[in-house]
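K.L.:
Assemble chains B and C onto chain A, guided by the hints.
Protein chains in written order, with my numbering: chain A, 1 to 344; chain B, 345 to 632; chain C, 633 to 924.
There could be a bad hint or two in this list.
[Stated by the list, open to error] List of simulated lysine-lysine pairs, DSS-like, C-alpha gap at most 30 Å:
#	chain 1	residue 1	chain 2	residue 2
1	C	836	C	893
2	C	745	A	27
3	C	745	B	510
Calculated directly from the structure, the hints in this document are not laboratory data.
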Amino acid sequence: MSPAGPFSAAPERVLTVRDLRAYYRTKYFGISREVRAVDGISLHVDRNEIYGLAGESSCGKTTLIKTIVRAIRPPLDVVGGSVTFHFAGRDRDIHALNDSELESIRWRHLSYILQGSMNVLNPVRRVRQSFVDFAHRHIGKPMPEFLRHVESHLARVRLEPAALDAYPHELSGGMRQRVTIALATVCRPDFIVADEPTTALDVVVQKDVLGMLREVQQEIRSSMILVTHDIGVHANITDRLGIMYAGRLAEEGRTVDVIRDPRHPYTSHLVTSLPRIGDVTQRRGLEGAPPNLAVPPTGCRFHPRCPLAMATCRAEPPPMVDVAPGHRVACWVTAPPDKPVTVQ
Amino acid sequence: MLTTARDLFRYNREFRVGTLLTGFIVAFAALSLVSPYPPQDTFVVPPDVSPSLAHWFGTTSRGQDVFWQLTFAIRNTMLFGFAVAILSRLISITIGMWSGYKGGFVDRVLMSINDTFIVIPLFPLLVLFYFVMRDKMSWPLLALAMACLGWSYDARLIRSVAMSLKSREFTQQSVFSGMRTSEIVLQEHLPYVLPIVFYTTMNNMNWSIGLEVTLSVLGFTNIDTPTIGVMIYWANQHTAMVAGIWWWIFFPVLFVVILFIGLFLLAISMNEYIDPRSRLARMGRMSG
Amino acid sequence: MSAAGTPLLEVDRVRMTYVVGGLIRRRGVRAVDDVSLRLEAGNPEILAIIGESGSGKTTLARMILNLATPTAGTIRFRGADVTQIRSNRQRMAFMREVQPIFQNPFEAFNPLKPIDHYLFFSARRFAGARARIDFEAKADKALHQVGLSLAEVKGRYPHELSGGQLQRIAIARALVSSPSLIVADEPVSMVDASLRMSIVNLFKALRDELGVSIVYITHDLATAYYISDRVLIMQRGKAVESGDARGVLDNPQHPYSILLKSAVLSPDDAGRPMSPADSAGRPSAHSTSNTE
Numbered sequence: 001m002s003p004a005g006p007f008s009a010a011p012e013r014v015l016t017v018r019d020l021r022a023y024y025r026t027k028y029f030g031i032s033r034e035v036r037a038v039d040g041i042s043l044h045v046d047r048n049e050i051y052g053l054a055g056e057s058s059c060g061k062t063t064l065i066k067t068i069v070r071a072i073r074p075p076l077d078v079v080g081g082s083v084t085f086h087f088a089g090r091d092r093d094i095h096a097l098n099d100s101e102l103e104s105i106r107w108r109h110l111s112y113i114l115q116g117s118m119n120v121l122n123p124v125r126r127v128r129q130s131f132v133d134f135a136h137r138h139i140g141k142p143m144p145e146f147l148r149h150v151e152s153h154l155a156r157v158r159l160e161p162a163a164l165d166a167y168p169h170e171l172s173g174g175m176r177q178r179v180t181i182a183l184a185t186v187c188r189p190d191f192i193v194a195d196e197p198t199t200a201l202d203v204v205v206q207k208d209v210l211g212m213l214r215e216v217q218q219e220i221r222s223s224m225i226l227v228t229h230d231i232g233v234h235a236n237i238t239d240r241l242g243i244m245y246a247g248r249l250a251e252e253g254r255t256v257d258v259i260r261d262p263r264h265p266y267t268s269h270l271v272t273s274l275p276r277i278g279d280v281t282q283r284r285g286l287e288g289a290p291p292n293l294a295v296p297p298t299g300c301r302f303h304p305r306c307p308l309a310m311a312t313c314r315a316e317p318p319p320m321v322d323v324a325p326g327h328r329v330a331c332w333v334t335a336p337p338d339k340p341v342t343v344q
Numbered sequence: 345m346l347t348t349a350r351d352l353f354r355y356n357r358e359f360r361v362g363t364l365l366t367g368f369i370v371a372f373a374a375l376s377l378v379s380p381y382p383p384q385d386t387f388v389v390p391p392d393v394s395p396s397l398a399h400w401f402g403t404t405s406r407g408q409d410v411f412w413q414l415t416f417a418i419r420n421t422m423l424f425g426f427a428v429a430i431l432s433r434l435i436s437i438t439i440g441m442w443s444g445y446k447g448g449f450v451d452r453v454l455m456s457i458n459d460t461f462i463v464i465p466l467f468p469l470l471v472l473f474y475f476v477m478r479d480k481m482s483w484p485l486l487a488l489a490m491a492c493l494g495w496s497y498d499a500r501l502i503r504s505v506a507m508s509l510k511s512r513e514f515t516q517q518s519v520f521s522g523m524r525t526s527e528i529v530l531q532e533h534l535p536y537v538l539p540i541v542f543y544t545t546m547n548n549m550n551w552s553i554g555l556e557v558t559l560s561v562l563g564f565t566n567i568d569t570p571t572i573g574v575m576i577y578w579a580n581q582h583t584a585m586v587a588g589i590w591w592w593i594f595f596p597v598l599f600v601v602i603l604f605i606g607l608f609l610l611a612i613s614m615n616e617y618i619d620p621r622s623r624l625a626r627m628g629r630m631s632g
Numbered sequence: 633m634s635a636a637g638t639p640l641l642e643v644d645r646v647r648m649t650y651v652v653g654g655l656i657r658r659r660g661v662r663a664v665d666d667v668s669l670r671l672e673a674g675n676p677e678i679l680a681i682i683g684e685s686g687s688g689k690t691t692l693a694r695m696i697l698n699l700a701t702p703t704a705g706t707i708r709f710r711g712a713d714v715t716q717i718r719s720n721r722q723r724m725a726f727m728r729e730v731q732p733i734f735q736n737p738f739e740a741f742n743p744l745k746p747i748d749h750y751l752f753f754s755a756r757r758f759a760g761a762r763a764r765i766d767f768e769a770k771a772d773k774a775l776h777q778v779g780l781s782l783a784e785v786k787g788r789y790p791h792e793l794s795g796g797q798l799q800r801i802a803i804a805r806a807l808v809s810s811p812s813l814i815v816a817d818e819p820v821s822m823v824d825a826s827l828r829m830s831i832v833n834l835f836k837a838l839r840d841e842l843g844v845s846i847v848y849i850t851h852d853l854a855t856a857y858y859i860s861d862r863v864l865i866m867q868r869g870k871a872v873e874s875g876d877a878r879g880v881l882d883n884p885q886h887p888y889s890i891l892l893k894s895a896v897l898s899p900d901d902a903g904r905p906m907s908p909a910d911s912a913g914r915p916s917a918h919s920t921s922n923t924e
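Extracted from the complex, chain A is given alone in its bound form (with noise of 0.2 Å):
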């Protein structure tokens, strides 16, 4: 759960995704092709936590966050549903903002962390180069102040203010994605996306980057979707955590309750099939293979490889559950929807 304060208010909403359907459409040779890669997805993220987001290749991640920071390009296209962030007391639907006011969000209040940081930083330019272009005119001071800020700023991840002198290639991959998390966090925005932002760096450079981030984090109270497919990432940082199957979310709670509690068949194979060191029970991989998203199963997209399916998973797409307050379920077989369910 998030941090709550002396006054224990309800947690404010800093995003809420409301039955988000994006496709990609492409049309080669006269063969149409529409791939639902985010299918109905309904979610929100209040302020001061980080909502994880897990799956493998192809269940949508990657697309539900380009849909999430509008970075919408043909073929893909916001068929369905709607994202609204909550910055500075306003209600604002990313999809609906013209130019302007989108460049006065972008950077300001919602940042990104890609995974393999020279996406961001441009390499033949400087290091304080790229602060200056991302985030000199959302913080507004005079240069040597706002570079002081900056230098102030690098202390938190640990970095000297000699890497603002240094090339991106200059620094080793572990410095490169502290940088673009200092960048990303330099204007203290509301919400932060990071897509897989460890995912290229070795193991043990990896926790001390994930620690940084999680510190920078709750020092500036702003929120965070995180997504990755290592469920051992998201044991260690992620307050909630959902998981993505086929373009739907198939379990949703708080982290510690989906790891520890799965009710998804899917989410207990991911969570029990990972070896441990220092346990060798025999353990075992999920027959069959993440579906086609152009021609998805029928009903429960999950149903092919389930080892619980019956009749009515082929049929009808199961509705999300509430098993527990905040535990969230679609599945037929383990959280049968007698409860109605609970508008969030």
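P.N.:
Just chains B and C, lined up with the frame of chain A:
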């Protein structure tokens, strides 16, 4: 292959227009087989007649029918361009792939030779060739000479493709499957290289036709055989523009421009086909 | 043939030095520095080589496969020096016994060719199959060993299959020649989590049922713990710790091994606050970018 051609024709405008234009020229050239006048005869019809029902494209100052002369001219020009393109493709594919795959010393030697050929000014060299050969100059000989000069740009292109293919993991997989080098190059790598080769063939044809026209207009080829350039040469000799016989120049130029544009469109329409992403999307469609 | 007691694979103080720099200043980078290991014949086992990027593990794998020549030291397979392989016959004999599995299943196959093509070639060249019937049978047998069949795979292209299936087919292809050693370079790091364990379990089965020894290269300590018999931990080209898998990983001795183990993020950590990264033994944070 045929389905690809059919798909390209249906959905790619450049390919469609390119095919139609080039096809038109080819059909026109085929008419040369039924020409009533042998190509080298002169004064078989009244000279200097402007385009009319009897002579659709008019007649020249040498008493030849422009229409029928043109069928031979465009046929010879096209065949010449085609021959040069094919010969130089053989050289550039061999050198490019050998150099790219072998690497090391062989690569360095071949590329030094390659770069020398790129740098040599071709036009003066061909003019010199003409002066040396004079009466013994023939079209096949000229085609061979140009083929030996026109392979170097594309050899480098093919070499870089071969190099990148060599470092891909599936090449290692092929090696450990027991495939011999020749099998790997022919079966695994050639499918990547061929579409690029097609593109360079079209390009090369345009280049060689352009060069041929230039040489012929200046009289540096065998001017008895009609080609586009030779027609223009004779028109210049008879000062056709000044004399008002515009049709003698206009129609050859028009037809060679149509041929150029047709070949160019074919070349660029292949770009979409070559792009691996669109290829894989097409394959996805094949499997459903 | 080989005397009893000839080890299957003997890597003896092997070194790979790359020279970097221009004409004036050159220095050597030791990608692999004085590494030794040994696998016994007739005793199939899984040896995990664990390391981060820049540790030299992939370079070591390439040398074992004879794709790169060590600058010092020797590598002997069944007593014969691997770098002395010259003739085609010797090369084929070596490849029959030693096969690779690559990291990226999507790159391991030519996207323009059907997958069975590699299986058939392997059958023809290594398993002595002549007629079509023959090599289809051999391919089918190999595929069955990995839980697939020729009927499922025949005529299909790589993009039609998932990473897990592709990797299994790659293993089947390696098995066609009945090798005694498989060198697998990060074979599951690019495979989805839900499919990963079937591949990992497959390696176990290869050792137990087919008697194949496996050099398993990975950065993931958990899977190494799960299937390997012995481990070798590498850091910057040097072997820092080696021995029985469970022994080393339950109780690492070398500071780097301890650091590596503490950095592992496990799902079991859920609910516990994240411990601060220890500074003892941490590699310098101000190093320049690593080379592989």
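K.L.:
Does the structure break any of the earlier hints, and which numbers would those be?
P.N.:
none
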